[in-house]
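Add chain G to chain W, keeping to what the hints say.
2 protein chains.
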Amino acid sequence: MADYVVRCRVCGRTYGRGYRFFRCLCGGVLEVLVDLEGVSWGVDEGALGIFRYSALLPSLSRYVSLGEGRTPTIKRVVDGVEVYFKLEYLNPTGSFKDRGSALAVSKASELGVTEVLEDSSGNTGISIAAYAAYAGIKARIYVPSDIPVGKYVLIKSFGAEVIKAGSRDEASRQVLRDLSEGNYYIGHTWNPYFIEGTKTIAFEVYEDLRSVDYVITPVASGTLLLGFWKGFNELLKLGLITSIPKLVGVQACGYDSLSRFVGRVVRSECREGTVLADAIRLTNAPRLPYIAEAIVRSGGYLVVVNDDLIVDALKDLFRMGFTVEPTSAAAYAAFKLVRKELSGKVLIPLTGSGLKYVGGTESPLYKVFVGG
Amino acid sequence: MADYVVRCRVCGRTYGRGYRFFRCLCGGVLEVLVDLEGVSWGVDEGALGIFRYSALLPSLSRYVSLGEGRTPTIKRVVDGVEVYFKLEYLNPTGSFKDRGSALAVSKASELGVTEVLEDSSGNTGISIAAYAAYAGIKARIYVPSDIPVGKYVLIKSFGAEVIKAGSRDEASRQVLRDLSEGNYYIGHTWNPYFIEGTKTIAFEVYEDLRSVDYVITPVASGTLLLGFWKGFNELLKLGLITSIPKLVGVQACGYDSLSRFVGRVVRSECREGTVLADAIRLTNAPRLPYIAEAIVRSGGYLVVVNDDLIVDALKDLFRMGFTVEPTSAAAYAAFKLVRKELSGKVLIPLTGSGLKYVGGTESPLYKVFVGG
Chain W
111 MADYVVRCRV CGRTYGRGYR FFRCLCGGVL EVLVDLEGVS WGVDEGALGI
161 FRYSALLPSL SRYVSLGEGR TPTIKRVVDG VEVYFKLEYL NPTGSFKDRG
211 SALAVSKASE LGVTEVLEDS SGNTGISIAA YAAYAGIKAR IYVPSDIPVG
261 KYVLIKSFGA EVIKAGSRDE ASRQVLRDLS EGNYYIGHTW NPYFIEGTKT
311 IAFEVYEDLR SVDYVITPVA SGTLLLGFWK GFNELLKLGL ITSIPKLVGV
361 QACGYDSLSR FVGRVVRSEC REGTVLADAI RLTNAPRLPY IAEAIVRSGG
411 YLVVVNDDLI VDALKDLFRM GFTVEPTSAA AYAAFKLVRK ELSGKVLIPL
461 TGSGLKYVGG TESPLYKVFV GG
Chain G
111 MADYVVRCRV CGRTYGRGYR FFRCLCGGVL EVLVDLEGVS WGVDEGALGI
161 FRYSALLPSL SRYVSLGEGR TPTIKRVVDG VEVYFKLEYL NPTGSFKDRG
211 SALAVSKASE LGVTEVLEDS SGNTGISIAA YAAYAGIKAR IYVPSDIPVG
261 KYVLIKSFGA EVIKAGSRDE ASRQVLRDLS EGNYYIGHTW NPYFIEGTKT
311 IAFEVYEDLR SVDYVITPVA SGTLLLGFWK GFNELLKLGL ITSIPKLVGV
361 QACGYDSLSR FVGRVVRSEC REGTVLADAI RLTNAPRLPY IAEAIVRSGG
411 YLVVVNDDLI VDALKDLFRM GFTVEPTSAA AYAAFKLVRK ELSGKVLIPL
461 TGSGLKYVGG TESPLYKVFV GG
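Top line first, the protein sequences correspond to chains W and G.
In terms of my numbering, the first sequence has 328 at position 218, counting the first letter as 1, and numbering is strictly consecutive.
In terms of my numbering, the second sequence has 282 at position 172, counting the first letter as 1, and numbering is strictly consecutive.
Next comes chain W alone, as it looks inside the complex:
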């Protein structure tokens, strides 16, 4: 495992591995800087989950893994474009978040934390709750009041306390008010270790495909897009790839927080805010400017999609055999919107599982596929 420091993106101050506050003393967001000096690429096939890549991960005294990562990549040629779907919904709790949780909960465990607090639209809450349960750590999860019932039931099932806090943004505010000396804010929107976990997706793309030309991914707090960015940059530093794929961020109507920061925006018509893409209804992500920077510096852009396009894309994906949630379909909707200008290999991570949405006549899948 690699040596590392934690550094503030804003003031540049650095911290050691014992620092447990979620942000810099100046208020800025933190990042983990892994020392790649003398490190070479290597995969530990005997290790579980993302810890197969421990050579490139920050050194930790304990690994907490439920077998996340190593998800299948399925190629389909769509209108002449080579599309590689990476089935991130097959992670242990049904979303790519498990990559981040594995690392963040491992770190919390190293710090001796006994209770973690998290704010989430659902998927990260489920993920943190599961990994915390596995590690024997209590979890308290702040969610929007209109969280899909399936996601709510899952968080409860892992034994976590669930706080319904109004909107997604209000959940972010309330969790910070409830911090105390006895608990630990593991919040993925701030947590720099979380991105050390999600960056492993870039390593898997390298292992499976060597390189791709575009990555099209939904963005809320940006942990996946920033994971791609960080992972690809580390591969570049190691001399394993020669360029970074263009990162195309996808947001949904009413929640296009990146459009203030990104120069090029491709928009579908927005008459109302998204209801379907519940996993990307966050507007106050702490890392917004850095997400925008990654998109712009990679040569990518932002696409904003509406629910009509998401419904069509969701149907397409199920007819290809993919059990995805509506937010994942947002990325495929964006692909369809811009495919005329794409060439080469396009990677689309299918970020979350549709299995969480199946229950009851109120579920989005029921409405799309069964009627009512």
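The list treats identical chains as one, so a pair stands whether inside a single copy or across any two.
Derived DSS-like pairs (lysine-lysine); straight-line CA-CA distance at most 25 Å: (1) Lys425 / Lys274; (2) Lys248 / Lys477; (3) Lys356 / Lys340; (4) Lys185 / Lys446; (5) Lys185 / Lys248; (6) Lys425 / Lys248; (7) Lys340 / Lys455; (8) Lys450 / Lys356; (9) Lys450 / Lys425.
I should point out that these hints are in silico values taken from the structure, not numbers from a laboratory.
Quantities reported herein were computed from a predicted structural model and do not represent experimental measurements.
Okay, now just chain G, sitting in the frame of chain W:
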């Protein structure tokens, strides 16, 4: 890929690869016999899903894969016993059935089939529907009328026709009445190719752990247990292992169809039939005597568990971070019932995803974890 014939278990008649009727002309169940002469162990790391093991699979002209298999194995020491949980719920549609569907739908595709018929408590119906959708084949799925709503929605979402047919056993009867020259009965309870797919789980156990002493697995139509049996026997023939693990079959109260055939049965108290373990409420599985034979010849036995034990086991598994369905918890409940007599390594496949059960206040997970 290996040469093969299809042979009747009852009269011994053999058929070539073009035979498309689901059973022998004598009425008996069929098995695929792969010719292992001159075949050696080898994993094709460039292939997708179970086709990594194509050297040991029947030769096919087309592969239909959604990335099934290669599921994580998580070790926990429980009361001094080494337990290896194999997370089969992380297969593409949330159950181990995807291994069988990949092979059975590949075969259907080779045969030029345009519509497949299947009877299922839910998981196999979802799986066949997804793989058929991917392969561009129509699917009609016969299910019990009280199928969990989540499973129903999923089958519909893949574009399949769904027929509610009364009980699980009635679904088995009705599907056979509806067979015609224009369709193809892919039914997993009969289909010999299905087991060629599920046998790959034994190959993965060999890859990950070399050997285990016990496998504890739920049994309805027996496709998983028979897959273990066939896969381990092929590894034995190839000289890769020296003995077959003891296969412990698990059934639930009211549906212990194997107890007529297996000498040793460990029973919990059964006051009523299971409601929770909906995936193993089948009593007329065509391969019952052969399942019993595999259990007995391996040195295993049958365990029958009640819903109280299943609820406790389900809670235990979630607290370990495993997102399972109640039927998977039946296997862990059985483990807890007999663990005093177990030694060495115990493998428990966690067969199906709890994500399919999360929706609505009527869901089993809601009742167990949230209350009501």
